[in-house]
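Make a model of the complete structure from these sequences and hints.
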Amino acid sequence: MALKDSISKSEAAQYDEQCRQMEWHGHEALFGMMFEYISPGQAILDIGIGTGLMAALFHKAGLEVRGIDASEAMLEICARKGVARELVVRDVSESGWPYRDESFSHLVSCGLFHFLNARNLDVVFGEAHRILKPGGTFGFTAKGIIGGRTEYIDRESGIRIFCMSEAAVEALTTRYRFRVLKKMPYWTFNDAGRTEPAVFYLYVVKKRG
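If you're matching positions, the sequence shown starts at 1 in my numbering and goes up one per residue.
If you're looking for bench data, these hints aren't it; they were derived computationally from the structure.
Just so you know, even glycine gets a beta-carbon here, dropped at the ideal spot from N, CA and C.
Each hint should be verified, as a subset may be incorrect.
[Claimed, not checked] With beta-carbon atoms standing in for the labels, derived distance ranges:
#1 Ser8 x Arg155: 39 to 45 Å
#2 Arg155 x Glu102: 39 to 45 Å
#3 Gln14 x Lys182: 29 to 35 Å
Quick look at the structure:
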């Protein structure tokens, strides 16, 4: 699966409100988990920055935020918020991200991984390990398995969704030489009507030196 820009401007404009309706506060929870490791002035890359919900928190905390995302429509909204120094339009499921080796103190990716298959995640974790400084932290979310479904087609969007067990997430982090510092389940909903529960696993991992 490639993350080509399939999000319209109208869909992007509704994104923040949809998150509110679904009672999605995963970005705030993940920020809280990472807070003790960050310092003002440090460089952080938001992978799949979207409209900047996550980035806004790190910007307010004084970090130098950069973002990468496949959706120009989402990035236009993020740019208007003024929370990132640089925004790059790019499909993160393709290798060769435009960043130097070991150039970021921290990485974060919130609400992205459930759009990526195993091969895509290998690319993301390989690039993450390359651009993160030794000892740097990487915070991310992964959608958990409910009812035995490891993948399914979302009814509203028609997009294929990928779910992971904790064991699968931690096998991936181990393979790319990250150590788990924190993890937490976060329950929310799949729909704005709040009828279908969903669980995400929030992780903070550290790059081994």
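Can the suggested window of 39 to 45 Å be confirmed for the beta-carbon pair Arg155 and Glu102?
holds, 42 Å
CB of Gln14 to CB of Lys182, is that within 29 to 35 Å?
holds, 32 Å
Range agreement (Cβ of Arg155 with Cβ of Ser8, hint 39 to 45 Å)
Violated - the Cβ-Cβ distance for Ser8 and Arg155, about 18 Å, lies outside 39 to 45 Å.
Of the numbered hints given earlier, the model fails hint 1 alone.
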